[in-house]
Amino acid sequence: MPRPVQPLPVRMTHWVDGVLLVVMAGSGLRILKAFPSLGEQGRPYGWYPFQGEPPPDALMIGGWLAGARAWHFAFAWLFVLNAVVYLAYLFASGAWRERFFFPRRDARHAWLTLLHDLRLRRGPLPRHGLYNGMQRLAYTGVVLLGALSVLSGLAIYKPVQLRWLTALHGGYDAARAVHLLALVALAAFTVLHVVQVALHPRTFVDMTLGGRRAEEPR
Amino acid sequence: MSPPTTRRGFLGRALSSGGLLALGGLGCDSRRPKEGFLGVMERTNEGFQQALFDPERLAPELPESALTPPGKYPAYRIGRDFPAAPAGWALRVGGLVQRPLVLTAADLQRLPRTRVRVRHHCVEGWSAVAAWDGVRLSELARLAGIDPRVRYVEFRSFERGYFSSWDRESALHPQTILAYGMNGSPLDRRYGAPLRLYSAVKLGYKMVKWISEVTFLPVRTGGYWEDQGYEWFAGV
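These protein sequences, in sequence, are chains A and B.
Position in the first sequence counted from 1, then plus 983, gives you our numbering.
Position in the second sequence counted from 1, then plus 444, gives you our numbering.
Each hint should be verified, as a subset may be incorrect.
Pairwise CB distance ranges (calculated) [to be verified]: (1) A/1195 with B/484: 32 to 42 Å; (2) A/1079 with B/657: 24 to 34 Å; (3) B/556 with A/1075: 54 to 64 Å; (4) B/470 with A/1130: 18 to 28 Å; (5) B/532 with A/1164: 48 to 58 Å.
Residues on chain A that point at chain B, a partial pick, calculated with CB under 10 Å [what the hints assert, rightly or not]: (6) 1047; (7) 1054; (8) 1057.
The hints are simulated quantities; they were obtained by calculation from the structure and are not laboratory data.
The beta carbon of each residue, even a glycine, is placed where N, CA and C say it ideally should be.
Make the full structure from the sequences, and use the hints.
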């Protein structure tokens, strides 16, 4: 029997990740509310446009600072575990080859896809296997963003015990900014992702039920 | 909270509270972060933090140029006012020790002085830098002669109900001091005078201000913030 478009481990980790991202973002924003500014005391970052402005109530989880921290640090483990399961499956099954972005193989196709989606290029795209180049770029980028979220999170969680990691980010307050920017990037990805899925509902069915491949790639 | 005005707002709220209720059933109660699933994970995280803690690892000592500008260093209190030291204030050091101590401000000044100039990390997310002068807690432990059974240290304030208990290793860290000076001046009441705990290896809320008592204990107690739901270990 041919492999489904989206094998079960991919579907499961995908939807679990959706829930975990909401919990991590919501509790993270509630933590941010306790000090909704970037930059150390007396030296606020000039580039940050929302100094002193708390995030909207509707986006926050955890109720109060200690509650939100408990949620954040509890579900962070599940977030990491889920990512490890996903990556382990990709590497064990070999599926990483058709999902990850390899510049030599995918860069040109990513560019063509972009022109196509922006209506700057006429005609159908050349076939490119499971994903087009832009999808590979986006789905690889979002895995890296997830990793950046975890690393910058650890850097502000343990700025003394993991001082090398915090220094790598440019210090505690810089790491805090990186952590928030990673969230902004993840949120932007999610919005684009949902729009693309709405335009191609078939992908939603595949990611839920698995789907069947029209033919094996290659 | 204002009532939802749009159908979409209502739906969103219904969905999110439904999801939260489901998670609540799994043991996630924001008001009780030390119970249920959140509590299990808090204890997991405490183990993780303890495993990560290296008693020899020092926080970077920062240059004078890193000091937070005057007036920008936050001063917090738990009561209505910053408390004043009672007349005849002295620090009591006791518990499982061979020689309980009573030290006046002058006694403390005569003990070896340590300056710590490191980044301060508040649970709220902000950071700031000051230079703190004081006596290492490890020095007081040596003078008092602590018993091998000591595993925790409790710091108590003359501000009623204000205390915190620490693991022995963090308390005896070379960058943990009882401070009586800040940025080259005597400590101000707003920052915990006559004596406050200062450390490079804990979040700010563990650093008890207006201290009157240090007790070396074989058992762990809680703390003013910890008993409200903030985590007990709170290392950085």
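Hint check:
no., hint, verdict
1, A/1195 with B/484: 32 to 42 Å, "holds (41 Å)"
2, A/1079 with B/657: 24 to 34 Å, "violated (59 Å)"
3, B/556 with A/1075: 54 to 64 Å, "holds (58 Å)"
4, B/470 with A/1130: 18 to 28 Å, "holds (27 Å)"
5, B/532 with A/1164: 48 to 58 Å, "holds (54 Å)"
6, 1047, "holds (7 Å)"
7, 1054, "holds (7 Å)"
8, 1057, "holds (3 Å)"
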